[in-house]
Amino acid sequence: MSTLTLKATNKELYTKLMQPDVITGSEILLRSLLLEGVDCVFGYPGGAVLYIYDAIHGNPDFNHLLTRHEQGAIHAADGYARSTGKVGVCIATSGPGATNLVTGIATAYMDSVPLVIITGNVMSTAIGTDAFQEADITGITMPITKHSYLVRDVKDLSKIVHEAFHIASTGRKGPVLIDIPKDISAHKTEFNYDNQINIRGYNPTVLPNKLQVERLLKAIDEAKKPVILAGGGVVYAGAQEELLEFVSKTNIPTITTLLGIGGFPSSNDLWLGMPGMHGTYTANKALQSCDLLIGIGARFDDRVTMKVDGFAPNAKIAHIDVDPAEVGKVVETAIPCVGDVKKVLELVNQKAKAAQSEAWIQELQMMKKEFPLKYKDDNKHLKPQYVIEMIHKTTEGEAIVTTDVGQHQMWAAQYYKFNHPRSWITSGGLGTMGFGFPAAIGAQMGNPDRLVVSINGDGGMQMCAQELAICAIHNIPVKIVVINNQVLGMVRQWQEIIYDNRYSHIDLSGSPDFVKLAEAYGVKGLRATNKEEAQKAWQEAMDTPGPVLIDFIVEKHENVYPMVKQGSTIDEMLMGDS
Amino acid sequence: MNATKHTISILVNNQPGVLQRVASLFGRRGFNIESITVGKSEEEGLSRMIIVTIGDDQKLEQISKQLYKVIDVIKVIDISANPMVERELALIKVNAEPSIRPEIIGVVETFRATIVDIGPKSIMVQVVGDSDKVKAMVELLKPYGVIQLTRTGVAAMIRGV
Ligand SMILES: Cc1ncc(C[n+]2csc(CCOP(=O)(O)OP(=O)(O)O)c2C)c(N)n1
Numbered sequence: 033m034s035t036l037t038l039k040a041t042n043k044e045l046y047t048k049l050m051q052p053d054v055i056t057g058s059e060i061l062l063r064s065l066l067l068e069g070v071d072c073v074f075g076y077p078g079g080a081v082l083y084i085y086d087a088i089h090g091n092p093d094f095n096h097l098l099t100r101h102e103q104g105a106i107h108a109a110d111g112y113a114r115s116t117g118k119v120g121v122c123i124a125t126s127g128p129g130a131t132n133l134v135t136g137i138a139t140a141y142m143d144s145v146p147l148v149i150i151t152g153n154v155m156s157t158a159i160g161t162d163a164f165q166e167a168d169i170t171g172i173t174m175p176i177t178k179h180s181y182l183v184r185d186v187k188d189l190s191k192i193v194h195e196a197f198h199i200a201s202t203g204r205k206g207p208v209l210i211d212i213p214k215d216i217s218a219h220k221t222e223f224n225y226d227n228q229i230n231i232r233g234y235n236p237t238v239l240p241n242k243l244q245v246e247r248l249l250k251a252i253d254e255a256k257k258p259v260i261l262a263g264g265g266v267v268y269a270g271a272q273e274e275l276l277e278f279v280s281k282t283n284i285p286t287i288t289t290l291l292g293i294g295g296f297p298s299s300n301d302l303w304l305g306m307p308g309m310h311g312t313y314t315a316n317k318a319l320q321s322c323d324l325l326i327g328i329g330a331r332f333d334d335r336v337t338m339k340v341d342g343f344a345p346n347a348k349i350a351h352i353d354v355d356p357a358e359v360g361k362v363v364e365t366a367i368p369c370v371g372d373v374k375k376v377l378e379l380v381n382q383k384a385k386a387a388q389s390e391a392w393i394q395e396l397q398m399m400k401k402e403f404p405l406k407y408k409d410d411n412k413h414l415k416p417q418y419v420i421e422m423i424h425k426t427t428e429g430e431a432i433v434t435t436d437v438g439q440h441q442m443w444a445a446q447y448y449k450f451n452h453p454r455s456w457i458t459s460g461g462l463g464t465m466g467f468g469f470p471a472a473i474g475a476q477m478g479n480p481d482r483l484v485v486s487i488n489g490d491g492g493m494q495m496c497a498q499e500l501a502i503c504a505i506h507n508i509p510v511k512i513v514v515i516n517n518q519v520l521g522m523v524r525q526w527q528e529i530i531y532d533n534r535y536s537h538i539d540l541s542g543s544p545d546f547v548k549l550a551e552a553y554g555v556k557g558l559r560a561t562n563k564e565e566a567q568k569a570w571q572e573a574m575d576t577p578g579p580v581l582i583d584f585i586v587e588k589h590e591n592v593y594p595m596v597k598q599g600s601t602i603d604e605m606l607m608g609d610s
Numbered sequence: 061m062n063a064t065k066h067t068i069s070i071l072v073n074n075q076p077g078v079l080q081r082v083a084s085l086f087g088r089r090g091f092n093i094e095s096i097t098v099g100k101s102e103e104e105g106l107s108r109m110i111i112v113t114i115g116d117d118q119k120l121e122q123i124s125k126q127l128y129k130v131i132d133v134i135k136v137i138d139i140s141a142n143p144m145v146e147r148e149l150a151l152i153k154v155n156a157e158p159s160i161r162p163e164i165i166g167v168v169e170t171f172r173a174t175i176v177d178i179g180p181k182s183i184m185v186q187v188v189g190d191s192d193k194v195k196a197m198v199e200l201l202k203p204y205g206v207i208q209l210t211r212t213g214v215a216a217m218i219r220g221v
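Here the protein sequences line up with chains A and B, keeping their order. Adding 32 to a residue's 1-based position in the first sequence gives its number in my numbering. Adding 60 to a residue's 1-based position in the second sequence gives its number in my numbering.
Simulated from the structure, these hints should not be mistaken for lab results. Check the hints yourself; a few may be wrong.
To be verified - Once the Cα atoms are required to be at most 20 Å apart in a straight line, the calculated SDA-like pairs of lysine to any residue come out as:
(1) A:Lys375 / A:Glu273
(2) B:Lys135 / A:Gln320
(3) B:Lys129 / A:Glu551
(4) B:Lys125 / A:Glu273
(5) A:Lys361 / B:Asp138
(6) B:Lys129 / A:Glu273
(7) A:Lys361 / B:Val78
(8) B:Lys125 / A:Ile231
Stated by the list, open to error - Partner residues are not named here, just some residues of chain A that face chain B (Cβ under 10 Å, in silico):
(9) Arg184
(10) Asn224
(11) Asn227
(12) Ile231
(13) Arg232
(14) Leu243
(15) Val359
(16) Ala366
(17) Ala569
Source: prediction; values computed, not measured. Positions of the beta carbon are idealized from the N, C-alpha and C atoms, including for glycine.
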């Protein structure tokens with residue numbers, strides 16, 4: 033059993049790395065990564081990256097985690113990035129290795145996650161000849177990367193790595209791909225690490241237009257029913273304190289989107305929950321009746337707005353975002369504030385005053401009391417919501433929670449309450465099944481001292497289950513929860529509600545015994561079918577130092593409520609019979 | 061808002077793949093391309109693309125903002141918002157038995173186009189002008205039988221300094 037220790041970029045190491053030597057492209061790559069402060073890389077070798085893996089071999093400064101699938105590697109890098117705020121890095125070989133990353137790249141792109149993805153390619157002389165394992169990965173991924181490079185000269189490599197990290201982690205963050213032909217990774221040149229970055233045409237806006245900030249303040253002053261819609265941009269900008277200060281000063285009720293969860297403490301009285309398709313009653317009603325809507329680092333996704341004509345019909349919309357292209361993309365925006373969310377809020381906070389919102393707040397507080405999130409508990413079945421609530425209680429809301437995609441994801445968003453940013457890790461924009469479990473591995477690597485809980489459906493768990501091996505081998509103590517309803521639950525729900533109970537291909541009969549599957553990999557497996565067993569198993573999992581998988585057999589017919597059907601406005605909510 | 065024609069000038073870093081990045085962005089975001097031209101600019105290492113597109117103000121704003129997200133894009137200007145010069149070149153090969161040639165030459169001269177090649181049964185006409193002029197020239201030559209037509213797409217520049 034090997035343990036992975038994180039190597040700090042200490043002074044000694046720095047001096048060693050900066051030494052001007054004539055070295056191969058592969059060694060340049062490793063040195064550059066280390067100089068960027070990379071402490072853990074997830075990857076999978078193959079012919080085109082053999083020089084790189086040869087350089088990794090025996091390199092005492094370099095931590096590499098061999099996943100069992102490239103998809104596992106990139107989702108792990110993603111979970112690492114989301115949970116730490118650092119750039120996640122993964123390596124794959126050319127052709128099939130590179131194409132196996134595509135889903136993960138798209139996932140990171142949609143959620144603005146900073147990744148640097150290294151792929152090998154065939155010899156540069158063979159590019160374009162349909163050589164063995166050749167794929168035009170820069171071409172394939174162009175629509176889903178923030179930028180990409182195909183390295184043509186080893187002399188450019190260190191500059192490219194440096195630029196890639198800069199681009200990935202500034203402005204609106206995102207994945208950057210570096211494709212390195214095999215011969216380039218073998219060629220030698222003098223290593224020269226230049227700290228200067230000068231990318232003409234790339235200057236993300238940091239500070240907003242002062243006039244617009246004034247207009248925002250005036251709008252707050254005039255508003256009777258203001259509301260804040262805070263998205264993932266708040267978390268990514270590290271602006272949670274500034275947001276809290278903004279809300280404390282202005283008394284504006286605050287909604288957090290799926291990716292914004294944790295960007296504002298759910299314990300705060302002014303928090304209204306999540307909006308949209310499975311949003312809370314109060315959040316959706318607030319959006320529909322507000323007269324000022326301040327979007328902060330939120331991109332008005334259609335799962336939030338639902339039917340766009342008819343969304344926030346009475347509201348003047350202000351939008352704070354680092355990406356100018358998001359402003360006015362979906363909804364007409366009266367007050368655009370383009371800039372780094374943290375910086376914009378700092379400016380706004382200098383002059384922000386309390387809004388005239390007492391009556392509005394009272395109205396919403398009553399609504400919160402009258403229409404809380406609820407489900408029908410019973411003692412015969414184990415309810416998925418109960419399991420999430422139990423996990424929340426016993427971890428005191430302090431865990432890092434990753435989810436996969438489906439009903440369990442929505443229940444986790446609803447019933448686990450977050451008070452810290454970067455503790456909630458979920459695939460929002462792309463909705464990628466198979467994301468949650470490997471992302472938890474990455475999150476644990478980045479946060480060795482925190483409890484990481486991975487909540488999965490029985491469907492999605494089978495999309496990257498092979499990474500159980502990684503947990504076992506490296507003793508990565510992720511608590512793996514399977515909310516097992518024996519069906520593709522979210523699809524079942526739609527087929528029930530929208531397709532008239534015509535259940536088409538949602539039955540997951542033939543799934544493995546998850547306990548045995550875990551054990552087959554050397555991970556402890558537990559099962560629970562009722563509340564008592566659930567509590568016992570969970571306690572045992574918490575008491576076990578290493579990785580544990582708990583298979584919670586839950587009620588199959590449970591649905592996520594509230595629910596807004598596609599084509600409806602967000603206040604047309606189905607509330608369920610609970 | 062009504063959709064109108066816009067001529068957009070885009071200054072880009074002359075990196076491999078930059079044309080693909082820009083063109084595929086138009087495709088994937090549902091922006092339309094009427095014509096696209098690329099060539100070197102006044103500065104070493106930079107190219108200029110001229111794209112003619114159709115859209116309303118909101119769409120134009122999105123196009124420009126999305127283009128700026130492409131790292132290799134340096135500057136985007138909707139030059140049709142200014143007084144500008146817009147030119148396109150077309151080569152048109154038309155059927156031209158010797159007997160009919162004087163007539164065709166007459167048409168060509170009126171348009172200040174030029175004959176750039178003469179074959180046994182055809183002549184090749186070169187016309188330079190804004191897109192409307194090129195279109196009109198083609199229309200006039202159609203009755204003689206156009207054998208082949210190739211257009212460059214629009215090159216354009218704002219007038220004055
Ligand atoms: C890769 C991928 N394929 C298909 C889907 C469509 N999809 C969304 S939710 C869902 C069902 C998920 O079922 P399960 O993992 O059992 O979770 P549950 O909804 O039951 O909690 C499916 C198939 C998806 N989001 N991602």
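**Item:** Status of the hint placing A:Val359 at chain B (closest C-beta pair under 10 Å)
**Value:** 8 Å, holds
**Request:** With a cut-off of 20 Å on the C-alpha distance, tell me whether A:Lys361 and B:Val78 pass.
**Result:** Not OK: A:Lys361 and B:Val78 at ~24 Å, beyond 20 Å, violated.
**Asked** Any CB of chain B closer than 10 Å to the CB of A:Ala569?
**Response** For A:Ala569, the interface hint is violated, since the closest Cβ of chain B sits about 47 Å away, which is over 10 Å.
**Item:** Restraint check, 10 Å cut-off on beta carbons, for A:Leu243 near chain B
**Value:** This hint is violated: A:Leu243 lies away from chain B, its Cβ roughly 18 Å from the closest one there, beyond 10 Å.
**Message:** Please verify whether B:Lys125 and A:Ile231 have alpha carbons no more than 20 Å apart.
**Reply:** 18 Å, holds
**Message:** Checking hints one by one. Is A:Arg232 an interface residue toward chain B, by the C-beta closer than 10 Å rule?
**Reply:** 6 Å, holds
**Prompt:** Holds or violated: are the alpha carbons of B:Lys129 and A:Glu551 at most 20 Å from each other?
**Reply:** 47 Å, violated
**Prompt:** Within 20 Å, alpha carbon to alpha carbon, are A:Lys361 and B:Asp138?
**Reply:** 19 Å, holds
**Message:** For a C-alpha distance cap of 20 Å, please report whether B:Lys125 and A:Glu273 respect it.
**Reply:** 30 Å, violated
**Asked** Taking 20 Å as the top limit, are the C-alpha atoms of A:Lys375 and A:Glu273 close enough?
**Response** 12 Å, holds
**Asked** Is the straight-line distance between the alpha-carbon of B:Lys135 and that of A:Gln320 20 Å or less?
**Response** 39 Å, violated
**Asked** Given A:Ala366 was flagged as interface, is its beta-carbon under 10 Å from a beta-carbon of chain B?
**Response** 14 Å, violated
In the structure shown, a violation is registered for the earlier hints numbered 2, 3, 4, 6, 7, 10, 11, 14, 16 and 17, in ascending order.
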